[in-house]
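Colleague: Below are the chains, spelled out letter by letter.
Protein chains: 2
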Amino acid sequence: MRRIISAVARDVTPSKAAQDMGRKTADEMLDMVRKVTAGLPQVTDVQLGGSLAKGTWLSEDADVDIFVGFKRSVSKERFEETARQIGFESLNGYSPYVKYSEHPYVEARVRKTRVNVVPYYDVKQGEWKSSADRSPYHTRLMKKSLTTKMRGEVRVLKAFLKANGIYGAEIARQGFSGYVAEVLVLNFKSFEGVVRNMAGIGRNTTIGRAEKKFDGMIIITDPVDGKRNLAAAISERNLGRFVLLCRAFAARPSADFFKKRRPRVSKRLWDDMLVVSFGFRERSPDIIWGQAKRIAFSLSRQLELGGFVVLRSKAHVGEKAHLFFLLESGCIPLLYQKDGPEFFRQGSSEKFIGKNRRDLKLVWIKDDGRITSLRERRHPDAVGFMKWFLKNNIQSDIPSGLQDDFVRGFKVSMGSGGLGKSIKEAADELISTDGAFLHFD
Amino acid sequence: MRRIISAVARDVTPSKAAQDMGRKTADEMLDMVRKVTAGLPQVTDVQLGGSLAKGTWLSEDADVDIFVGFKRSVSKERFEETARQIGFESLNGYSPYVKYSEHPYVEARVRKTRVNVVPYYDVKQGEWKSSADRSPYHTRLMKKSLTTKMRGEVRVLKAFLKANGIYGAEIARQGFSGYVAEVLVLNFKSFEGVVRNMAGIGRNTTIGRAEKKFDGMIIITDPVDGKRNLAAAISERNLGRFVLLCRAFAARPSADFFKKRRPRVSKRLWDDMLVVSFGFRERSPDIIWGQAKRIAFSLSRQLELGGFVVLRSKAHVGEKAHLFFLLESGCIPLLYQKDGPEFFRQGSSEKFIGKNRRDLKLVWIKDDGRITSLRERRHPDAVGFMKWFLKNNIQSDIPSGLQDDFVRGFKVSMGSGGLGKSIKEAADELISTDGAFLHFD
Numbered sequence: 054m055r056r057i058i059s060a061v062a063r064d065v066t067p068s069k070a071a072q073d074m075g076r077k078t079a080d081e082m083l084d085m086v087r088k089v090t091a092g093l094p095q096v097t098d099v100q101l102g103g104s105l106a107k108g109t110w111l112s113e114d115a116d117v118d119i120f121v122g123f124k125r126s127v128s129k130e131r132f133e134e135t136a137r138q139i140g141f142e143s144l145n146g147y148s149p150y151v152k153y154s155e156h157p158y159v160e161a162r163v164r165k166t167r168v169n170v171v172p173y174y175d176v177k178q179g180e181w182k183s184s185a186d187r188s189p190y191h192t193r194l195m196k197k198s199l200t201t202k203m204r205g206e207v208r209v210l211k212a213f214l215k216a217n218g219i220y221g222a223e224i225a226r227q228g229f230s231g232y233v234a235e236v237l238v239l240n241f242k243s244f245e246g247v248v249r250n251m252a253g254i255g256r257n258t259t260i261g262r263a264e265k266k267f268d269g270m271i272i273i274t275d276p277v278d279g280k281r282n283l284a285a286a287i288s289e290r291n292l293g294r295f296v297l298l299c300r301a302f303a304a305r306p307s308a309d310f311f312k313k314r315r316p317r318v319s320k321r322l323w324d325d326m327l328v329v330s331f332g333f334r335e336r337s338p339d340i341i342w343g344q345a346k347r348i349a350f351s352l353s354r355q356l357e358l359g360g361f362v363v364l365r366s367k368a369h370v371g372e373k374a375h376l377f378f379l380l381e382s383g384c385i386p387l388l389y390q391k392d393g394p395e396f397f398r399q400g401s402s403e404k405f406i407g408k409n410r411r412d413l414k415l416v417w418i419k420d421d422g423r424i425t426s427l428r429e430r431r432h433p434d435a436v437g438f439m440k441w442f443l444k445n446n447i448q449s450d451i452p453s454g455l456q457d458d459f460v461r462g463f464k465v466s467m468g469s470g471g472l473g474k475s476i477k478e479a480a481d482e483l484i485s486t487d488g489a490f491l492h493f494d
Numbered sequence: 054m055r056r057i058i059s060a061v062a063r064d065v066t067p068s069k070a071a072q073d074m075g076r077k078t079a080d081e082m083l084d085m086v087r088k089v090t091a092g093l094p095q096v097t098d099v100q101l102g103g104s105l106a107k108g109t110w111l112s113e114d115a116d117v118d119i120f121v122g123f124k125r126s127v128s129k130e131r132f133e134e135t136a137r138q139i140g141f142e143s144l145n146g147y148s149p150y151v152k153y154s155e156h157p158y159v160e161a162r163v164r165k166t167r168v169n170v171v172p173y174y175d176v177k178q179g180e181w182k183s184s185a186d187r188s189p190y191h192t193r194l195m196k197k198s199l200t201t202k203m204r205g206e207v208r209v210l211k212a213f214l215k216a217n218g219i220y221g222a223e224i225a226r227q228g229f230s231g232y233v234a235e236v237l238v239l240n241f242k243s244f245e246g247v248v249r250n251m252a253g254i255g256r257n258t259t260i261g262r263a264e265k266k267f268d269g270m271i272i273i274t275d276p277v278d279g280k281r282n283l284a285a286a287i288s289e290r291n292l293g294r295f296v297l298l299c300r301a302f303a304a305r306p307s308a309d310f311f312k313k314r315r316p317r318v319s320k321r322l323w324d325d326m327l328v329v330s331f332g333f334r335e336r337s338p339d340i341i342w343g344q345a346k347r348i349a350f351s352l353s354r355q356l357e358l359g360g361f362v363v364l365r366s367k368a369h370v371g372e373k374a375h376l377f378f379l380l381e382s383g384c385i386p387l388l389y390q391k392d393g394p395e396f397f398r399q400g401s402s403e404k405f406i407g408k409n410r411r412d413l414k415l416v417w418i419k420d421d422g423r424i425t426s427l428r429e430r431r432h433p434d435a436v437g438f439m440k441w442f443l444k445n446n447i448q449s450d451i452p453s454g455l456q457d458d459f460v461r462g463f464k465v466s467m468g469s470g471g472l473g474k475s476i477k478e479a480a481d482e483l484i485s486t487d488g489a490f491l492h493f494d
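For the record, the sequence lines run as chains B and L. In this text, residue positions in the first sequence follow the working numbering: the first is 54, and each later residue adds one. In this text, residue positions in the second sequence follow the working numbering: the first is 54, and each later residue adds one.
Be a bit skeptical, because a hint or two may be false.
Because identical chains cannot be distinguished in the list, a pair is counted as satisfied if it fits within a single copy or across any two copies.
Below, a list of computed lysine-lysine pairs in the DSSO-like style, where the Cα atoms sit at most 27 Å apart [unchecked claim]:
1. K391 to K346
2. K391 to K367
3. K266 to K77
4. K182 to K77
5. K419 to K242
6. K312 to K265
7. K242 to K408
8. K477 to K444
9. K404 to K313
10. K474 to K69
11. K408 to K312
12. K391 to K477
13. K182 to K474
14. K408 to K313
FYI, nobody ran anything at the bench for these hints, they're computed from the structure.
With these hints in hand, go ahead and build the complete structure from the sequences.
Modeller: Quick look at the structure:
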């Protein structure tokens, strides 16, 4: 294992030239931002953050994160607005644009490097006002605690996560952030330590020191905030994939774990894939992704109530939003059994019989004394069901934030016909076996 | 209600001529049996039993039941053998044959009347040795307790049960015996009393005096044996039908309740009817019916385990035995989801993955942390599944009493093709709405 890890470490550590280059861009940008903020009384500090500051960046991911500290007395509105002005002014020559996390921030491409100008409140530990406020503490902690050796280990871990598609905290992915990788190495000292510990981890294990009780399969506390569970942003599925990957790697270490694998896609399952798509008015990715995921979840439940078996579902947000539902079958039997009350319950059993006698196929008494009936479904096909449901339940069952979008229109279809390449690739995940399992062959 | 009941009572009470005729046949047969048993030291008594003795017989059901009492010291073997000889000798001129209840007895048709010669042990109340031992006590009790008026009420109740297909205690029907009808009238004084009480009955009600705790939806104790629940021989379904009929009749009394109704059959449901048939070596009806019902129940469970939805099932015994299974669909989706362990459980999750990777369609981790897979069914059609199951599981899953019969052969098919008229009619029950419900229209 050591040999493989060393080889990977060499691969993923940026060359001297790249390091100089990154440092140069960072210094240049820092100067710019400092110049722009000079004399602004509400700005307390400008500092380099992120993996570049902590020395844990991968060759190919040289993001420059510049953090601009604000006095805690500044209102959220002025905080956002001032930060935006600072960002645009600083990155003026590089076609800057706005991106969204909890708060908007400004980004630009400077040569091949992505540069972000991110505001935070310069507050005491624990008195957080915005989610970026912890970042300077993270930077300080890692600069102080990670040895050069450990920085290399963080890089190896990031490469491992990345190759297996579970690197990145964005809501679209719900994977492991760079900071989580650093925290894991800080806890377990090395990549191998992380692998061995995660391979043997049990349910409800807490990594780090917790200052409260957390729900969750695995808890990873933030070293600068024991009230925060870093694993909460990681999906259960990705936690599981990571644990399985660690087990497989511990059992049979190989350089293959650091190479992207093409997933094995069962194309013919596309026949049973229900697709709902809708356009939406511009909003922050976190918002629309959250909404799309929620509605995918709630429509899954509706499909189940309608008699369909939903094997997997997912949301994907691009130009439009797409919801994918892999069904056991797109067509289900026309007739289904609907149980009623026990025959002893006079009022309700008469109501049940009366109701069922109208569009009745069959009514009988079961061995457990319940009256039961055979009814005809209105929509034994998934497309018909979903169209009917969405047309009639926008008000009651669509999250209010999406109602206007659905009123404006939506599409329901079965299979991959008419979908663009990137959309199909997003849905392919549902009909592919997780890479984590391929190592068990 | 009174007017309708009176009219029915007139209809179902045998005419003077019929009564004389019945009495004459009974006396004649009693004489015969007495002659044959005269001088047999083990025989203690010969008496008329059944509805004729109690004066509760319906015009069309003039059975003559002659009970032959044996000393309790007689062994079961001699009891059966002697009774058989007595029966055959007594009914000599009328082509007698053997029938089976708990013990064999001899029956013959004398003119248009069915005559049974049934042995019992002449024991004290409560010291029962065979199930027929209570009969003389029943006869004595009813002769003593039922007034002429009440006998008429019993006849009306029997006619009500009969018209609605729930009269008869035989295992094929699991309905209400004549004795249960008498006991109900004894408890509630009149047909109307029975109807009103049964219409409002609650779960776990006990009718009569119980000497122990019984399980069951409704308990009807035997007045001559408080340890016996007469309702145990009645199916839950028939209890329910009776209660519903009583409610409907109480709400809208009508002579229609005393007329047989043609059930409304949903013929097209035959398409989803799985039929298993097999021949069997001669045995008593109670035995083969019990076996057929048990195997129908156990094969229903197997079908469910195989992914099929069994709506209703039933057994029918004629020349051959037939098992009917009304399915939601005879064909189910080829792929199905099979859940495995949580990813935390190292050993079992690796076993699950390994097993599923071979004939794998898809493996993934669910949001609850369980590993799950998509598998292909070997038998997505019910006929294929059942043939496969029966061929491979006779030893392990067929009741031992039927294994030889199944080894000799069985047939599995879908739909009504190739079935005789009486077989089809038996199965029609599964795709018909209970008559009890038709009164709610």
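Colleague: None of the hints should be skipped; say for each whether it holds.
Modeller: Comparing the hints with the structure gives:
1. K391 to K346: between (31 Å within a copy, 24 Å between copies)
2. K391 to K367: between (30 Å within a copy, 20 Å between copies)
3. K266 to K77: Classified as neither; 44 Å inside a copy, 90 Å across copies.
4. K182 to K77: neither (32 Å within a copy, 105 Å between copies)
5. K419 to K242: For K419 and K242, the Cα distance exceeds 27 Å both inside one copy (63 Å) and across copies (30 Å).
6. K312 to K265: Answer is neither: 38 Å inside a copy and 74 Å across each miss the 27 Å cutoff.
7. K242 to K408: So K242 and K408 fail the 27 Å test inside a copy (68 Å) and across (35 Å) alike.
8. K477 to K444: within (25 Å within a copy, 44 Å between copies)
9. K404 to K313: Answer is between: at 25 Å across copies they meet the 27 Å cutoff, but 60 Å inside does not.
10. K474 to K69: neither (39 Å within a copy, 91 Å between copies)
11. K408 to K312: between (61 Å within a copy, 25 Å between copies)
12. K391 to K477: The answer is between: 26 Å across copies meets 27 Å, while 37 Å in one copy does not.
13. K182 to K474: neither (41 Å within a copy, 82 Å between copies)
14. K408 to K313: between (58 Å within a copy, 25 Å between copies)
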